[in-house]
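Colleague: If you read the sequences in order, they're chains A and B. My numbering applies: residue 1 is where the first sequence begins, and numbers increase by one. My numbering applies: residue 1001 is where the second sequence begins, and numbers increase by one.
Any given hint could be a false lead.
Quick look at which bits of chain B chain A covers, simulated, 3 or more residues with Cβ under 8 Å [what the hints assert, rightly or not]: (1) 1097-1111; (2) 1134-1147; (3) 1273-1280.
Partial list, computed: chain A residues near chain B (C-beta under 8 Å) [what the hints assert, rightly or not]: (4) LEU115; (5) TRP122; (6) LEU161; (7) ALA178.
Hints are computed from structural coordinates only; laboratory data are not their basis. In this text, a Cβ means the ideal position worked out from N, Cα and C, and glycines have one as well.
There are 2 protein chains.
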Amino acid sequence: MPPPPPVVTVLASARGPRPPGLEPVARLATIRYALSAKSLARALTETEVLFIWNFRSASLRDVWPQARRLRWIHVASAGVDTILFPELASSSVILTNARGVFDQAIAEYVLGLVLAFAKGFWETLDLQRRRAWRHRETEHVRGQTALIVGAGAIGRAIGRLVRSAGMRVAGVARTARAFDPDLGRVVAVGDLGAVLGEADYVIIAAPLTSETRGLFGASAFARMKRTARLINVGRGAIVDEAALLGALRSKRIAGAALDVFSVEPLPTRHPLWDLPGVLVSPHMSGDFVGWAPALSALFVENYQRWRRGEPLLNVVDKALGYVPGAAGESNDGRRPP
Amino acid sequence: MPPPPPVVTVLASARGPRPPGLEPVARLATIRYALSAKSLARALTETEVLFIWNFRSASLRDVWPQARRLRWIHVASAGVDTILFPELASSSVILTNARGVFDQAIAEYVLGLVLAFAKGFWETLDLQRRRAWRHRETEHVRGQTALIVGAGAIGRAIGRLVRSAGMRVAGVARTARAFDPDLGRVVAVGDLGAVLGEADYVIIAAPLTSETRGLFGASAFARMKRTARLINVGRGAIVDEAALLGALRSKRIAGAALDVFSVEPLPTRHPLWDLPGVLVSPHMSGDFVGWAPALSALFVENYQRWRRGEPLLNVVDKALGYVPGAAGESNDGRRPP
Chain A
1 MPPPPPVVTV LASARGPRPP GLEPVARLAT IRYALSAKSL ARALTETEVL FIWNFRSASL
61 RDVWPQARRL RWIHVASAGV DTILFPELAS SSVILTNARG VFDQAIAEYV LGLVLAFAKG
121 FWETLDLQRR RAWRHRETEH VRGQTALIVG AGAIGRAIGR LVRSAGMRVA GVARTARAFD
181 PDLGRVVAVG DLGAVLGEAD YVIIAAPLTS ETRGLFGASA FARMKRTARL INVGRGAIVD
241 EAALLGALRS KRIAGAALDV FSVEPLPTRH PLWDLPGVLV SPHMSGDFVG WAPALSALFV
301 ENYQRWRRGE PLLNVVDKAL GYVPGAAGES NDGRRPP
Chain B
1001 MPPPPPVVTV LASARGPRPP GLEPVARLAT IRYALSAKSL ARALTETEVL FIWNFRSASL
1061 RDVWPQARRL RWIHVASAGV DTILFPELAS SSVILTNARG VFDQAIAEYV LGLVLAFAKG
1121 FWETLDLQRR RAWRHRETEH VRGQTALIVG AGAIGRAIGR LVRSAGMRVA GVARTARAFD
1181 PDLGRVVAVG DLGAVLGEAD YVIIAAPLTS ETRGLFGASA FARMKRTARL INVGRGAIVD
1241 EAALLGALRS KRIAGAALDV FSVEPLPTRH PLWDLPGVLV SPHMSGDFVG WAPALSALFV
1301 ENYQRWRRGE PLLNVVDKAL GYVPGAAGES NDGRRPP
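Only chain A is shown next, with the shape it has when bound in the complex:
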């Protein structure tokens, strides 16, 4: 008698849709859906593979002692900060993520934000609402400097796109690189303060790790140009939001476009909602039409690799908290459709 098929558990949300297109996995495994921490606890004892579709859920940690047969977790997000905890990090369970799926969408989103600032679109829309015809001068984006914090697949996609629009680009990564084909000069995160003053746009596209948490506080803002804008498409907690509020209110920096926050959804009473020069968007920069099938397809491909005993795509270094890329690697081949 052949062994029973492995159990693949999908951690989804009771309210949201389930991942589409898992039929190829269903032919090779028993798929169970866990829609709550309680049902995850029940399913986990038999689970060999966990597909975390609801990547905002942090319930795995609470039920970790039940994960006796768990060998591999795939998470449908690029950041693994919500998922990763010390017991998982020190275990032999493999963690893979959705690196690559969001690169193009986020890069376009960031370039759009840069152009919206440079061309005064926010003010234009406010004036339009008042039927006010008020001519203003715009800024050239060409020749302005973008400092990209985070040299992973997303940071490099941003670098390529804003450079193609004529911007100068520099990068900040865990370790310095003499030359990166997408980011040019890359300085180590410890030298951030030395390069912040060159940037017209500081773009955060880093994972949330112990090294990046709170990286942007009052001392970082103090080193930025007064005309600089901050764009955060990484994780909210990389920025000290109280310090950012202070920097914006005191005109220490000129503006911010924030797609991520330390608490999401951003609380209704939070002062960032209506601070002049601030754009608030609801953690959507990477979520293009078709993202759900693309995220599923990546898991399906990885599952087929798993069954064939082949190396998995996007294995997270659990000590670093992200998928380490070869220096200078210009993308990981996982472009969205």
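With chain A held as given, fit chain B onto it using these hints.
Modeller: Positioned in the frame of chain A, the structure of chain B alone reads:
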């Protein structure tokens, strides 16, 4: 006794600033300022060179019989539709314009508008004003098709930039071209209807001429995709605004970003101001910080060429209504600083 220095008259606005940096001209000529039609009439009898700084003024036509000594007009705008009239067109007076100064700024503005549509920025800002956190999916710009109407310096700069952001590009010009390095396939304006249906973004960057006036009417909108957006940075009268209102209200097309209008400023009661899916901006797409010095510098350079008897830059073909470019010319070398 040497001949008296030639009279250069600057037609400016009584309310607005005068052109900066004309000292090199002042050393070679007598500069007079005309701030009204009346003072233009007085100055014109002695004027050899007219620099139309207030390019919205149409007063030259009224005082044309006084232009007995006029040999050359330079206008500080790319479009000459306001300036050009039959008596000027049939005269021997040379007309030059500011072709090239606005290219980069307008191209960036257009790419910003495309990204703002694709990423839902207008809705994001409206939601922010209500402190509403509402996640939405965005569109990839890469792979979408931009049809650029107008294959002059501005149209080609737009083509280069949106192509570098991953869009497919096609062009519409007075005459077809098998291949344009910036626009790819270029069809003749008479074949516009055959290609409109391919475009996700229809971008008008053409001069206003007898061929383009009213080019976009109900029949053009009927051929566009229902998901298409119209961007007009050319001239308002190229679009039949009543037909556009109808196409937008009936959802025949998905949206429009308009920087130019048949009447400017757009009248306060005009329904375009608050139609959903429409962005109204006050004819500013080309007006980057530094545009005034750049416009002056171009006139100064042309004046020096004039005094040396050299060919002038940007000579308008007064029958066509624009500066004819060599097919495939990728720019005219007059990039703004």
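Colleague: Next step is simple, just say for each hint if it's right about the structure.
Modeller: Against the structure, the hints:
1. Counting residues of the segment 1097-1111 of chain B whose beta carbon lies closer than 8 Å to any beta carbon of chain A gives 5, which reaches the threshold of three, so the coverage claim holds.
2. Chain A is given as covering the segment 1134-1147 of chain B, and this holds because 9 residues of the stretch bring a CB closer than 8 Å to a CB of that chain, at least three being needed.
3. With a threshold of 8 Å between beta carbons, the proposed coverage of the segment 1273-1280 of chain B by chain A holds, since 4 of its residues qualify and at least three are required.
4. For LEU115 (chain A), the interface hint holds, since its Cβ comes within 8 Å of a Cβ in chain B; the closest pair sits about 3 Å apart.
5. A cut of 8 Å between beta carbons decides the hint on TRP122 (chain A): the least distance to chain B is about 6 Å, and the hint holds.
6. Evaluation of the LEU161 (chain A) hint against chain B yields a held restraint, the C-beta minimum of about 7 Å falling below 8 Å.
7. The beta carbon of ALA178 (chain A) comes no nearer than 26 Å to any beta carbon in chain B, farther than 8 Å, and the hint placing it at the interface is violated.
Hint compliance for this structure: hint 7 alone is broken.
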